[in-house]
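Undergrad: Residue numbers (the numbering used here), protein chains in the order written: chain A, 25 to 351; chain B, 25 to 351.
Don't take each hint at face value.
Identical chains blur together in the list; that is why a pair holds if it fits in one copy or across any two.
[What the hints assert, rightly or not] 25 Å max Cα-Cα, derived SDA-like pairs, lysine to any residue: (1) 302 / 332; (2) 282 / 97; (3) 94 / 54; (4) 313 / 287; (5) 334 / 58; (6) 251 / 272; (7) 274 / 320; (8) 313 / 187; (9) 59 / 230; (10) 334 / 54; (11) 331 / 60; (12) 275 / 320; (13) 68 / 312; (14) 68 / 316; (15) 68 / 230; (16) 55 / 227; (17) 302 / 134; (18) 251 / 239; (19) 334 / 66; (20) 331 / 264; (21) 257 / 240; (22) 331 / 298.
I should point out that these hints are in silico values taken from the structure, not numbers from a laboratory.
So you can see what is in the structure, the chains are spelled out below.
There are 2 protein chains.
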Amino acid sequence: MEEKLALMIEAAGENSERALAKLISHVEDRKTGWKDIMKTIYAKTGRTCVIGVTGSPGAGKSSLVGEFAKRLGDRGYTIGIIAVDPSSPFSGGAVLGDRIRMRDISTYQNIFIRSMATRGMLGGLCQAARDVVRIMDFAGKDIVIIETVGVGQDEIEVVSAADYVMLVTYPGGGDSVQAIKAGVMEIGDLFVVNKCDREGADIIVSEISAMLDLSTETAAKIPPVIKTSAFTKEGIDELMDILSEFIQKKKKGPHYQKDHVRQEVISILETEMVSIIKERITGNGNMEKELELILSGKSDPYSIADKLMKRFTVIKNVEEKRKGDFQ
Amino acid sequence: MEEKLALMIEAAGENSERALAKLISHVEDRKTGWKDIMKTIYAKTGRTCVIGVTGSPGAGKSSLVGEFAKRLGDRGYTIGIIAVDPSSPFSGGAVLGDRIRMRDISTYQNIFIRSMATRGMLGGLCQAARDVVRIMDFAGKDIVIIETVGVGQDEIEVVSAADYVMLVTYPGGGDSVQAIKAGVMEIGDLFVVNKCDREGADIIVSEISAMLDLSTETAAKIPPVIKTSAFTKEGIDELMDILSEFIQKKKKGPHYQKDHVRQEVISILETEMVSIIKERITGNGNMEKELELILSGKSDPYSIADKLMKRFTVIKNVEEKRKGDFQ
């Protein structure tokens with residue numbers, strides 16, 4: 025490895041926020057040597073507690089995260105926050121209000137914040153988030169919080185990689201439960217009805233509790249449902265108690281779980297494959313001739329995909345062995 | 025191709041809804057011969073108008089889709105609806121209310137509905153949706169509507185493949201604009217503020233218009249923003265006029281656009297690669313030994329991913345040619 029990288033790693037390990045930020049960028053941008061960085065730091069990771077926060081847009085996740093991150097910071101924990109942010113050329117890459125609140129808490133001494141744009145990272149988002157968690161972990165952050173803006177399939181995948189998942193909703197005309205139901209309920213370790221100073225919070229708590237009651241096999245496994253308000257501070261103490269308990273438990277447990285590690289290897293392979301496809305098979309005008317064949321009606325996307333795959337030896341192998349599917 | 029499949033294709037091409045449903049299932053389940061089906065039908069596709077509908081959960085997308093689908097049906101168009109549905113073991117695979125409304129409109133003669141579960145299809149969702157569009161197109165549907173429940177990165181990708189994208193929001197405490205801003209604004213051809221019988225609709229229309237105004241380069245390109253209510257029927261006529269205009273334009277235009285075709289080839293390749301990784305590289309206990317190496321601290325996920333890739337010739341090739349990245 026280049027000496028420059030080795031020094032950057034050393035500095036990040038010794039609490040330099042600047043080195044940490046540079047290290048993350050180096051890996052995110054896939055600059056030469058990024059993989060060496062990941063391999064080098066791995067042995068010193070696995071100690072951090074990863075908390076995933078997702079839920080309906082507008083539920084006030086950023087304010088809530090800001091609130092409990094500050095309190096965890098006050099208790100002496102060092103904290104990394106990853107804001108997964110569907111960047112849009114439109115909104116200037118960020119949901120403005122959120123970012124302003126984020127900037128506010130980033131002045132706290134124990135809190136390090138990093139935004140991750142999702143645009144153009146499809147498929148690789150999850151791995152990119154894992155990489156950033158790993159680097160923050162190496163840099164000694166006690167707690168890493170991953171917050172997503174939306175609640176789509178990709179965002180669910182991202183927070184699923186966390187040790188502890190918090191689903192946040194709010195009283196918003198009674199439709200908010202729908203957002204949380206949509207495929208995410210089963211990954212929640214904790215359900216938070218935020219903005220509980222608004223009317224209707226209790227109804228939502230009852231609805232979620234009823235759904236959890238119906239679907240969870242043993243009463244002991246039913247995750248807690250709490251009400252919070254980042255505005256009136258109601259429920260924040262209770263939230264802190266629950267999080268502290270999880271943090272204590274995690275600190276005593278194993279560093280890595282087999283299923284998480286398995287998922288990570290799969291995710292690395294997928295991300296690499298997708299980038300190989302984009303850069304080398306279909307990119308740089310490599311398939312203009314083939315596209316013309318499709319547009320002129322002489323071929324179809326499936327036949328062309330087969331043809332492009334055959335240029336790479338592995339696909340020949342695979343095809344031979346999977347005749348049933350590739351006829 | 026098996027005769028059974030050839031007959032199924034023929035029947036689907038002759039308006040048999042049962043054959044159409046079976047054909048879709050055959051392809052979705054990746055049963056033997058599915059790719060032959062896609063290759064065979066391709067030449068007879070490209071005629072349908074694909075309308076993508078996405079937006080905040082709870083915005084009433086299903087009711088709105090039901091409303092305009094019925095009216096398009098009354099005008100003599102045949103319609104296919106694909107409801108992309110984040111299935112959850114929790115909610116029984118569907119957001120119940122939506123499905124009930126959907127069942128209601130499925131009794132309409134000209135409307136064919138298909139639900140697609142997203143669970144477990146990560147990465148492949150987009151291609152799976154394209155496949156279903158293609159099959160409905162082949163079966164002669166004049167219009168195919170893709171409706172997503174959420175508004176995450178994957179859902180955005182799915183509707184991006186449509187010819188025309190409708191973004192739906194609603195007056196829900198003022199936070200709804202945030203949901204539509206989050207990375208999706210730039211893909212919208214039409215903005216709909218639904219449930220406009222509720223208070224606050226005009227404010228949301230102004231907010232969206234202001235954002236569009238700021239970000240769109242020429243005034244002529246600013247997409248329309250309309251108010252609708254599936255309940256009072258306000259705005260539905262205007263929506264119908266806008267959709268009719270798009271449908272007329274699309275019917276006169278080229279069947280396929282180069283960029284869409286390029287995206288489809290990439291998407292097919294990615295989907296196949298990911299399934300190869302899951303089934304053959306990391307699946308069936310193929311990497312238990314490697315996982316133990318990681319858990320015992322003797323290796324790390326990146327080194328193991330490299331090792332697993334090397335077992336497949338293409339990766340050797342790629343590695344040789346990309347030395348800078350794979351050191």
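Undergrad: Of all the hints given earlier, name the ones this structure violates by number, lowest first.
TA: 2, 3, 9, 15, 16, 17, 20, 21
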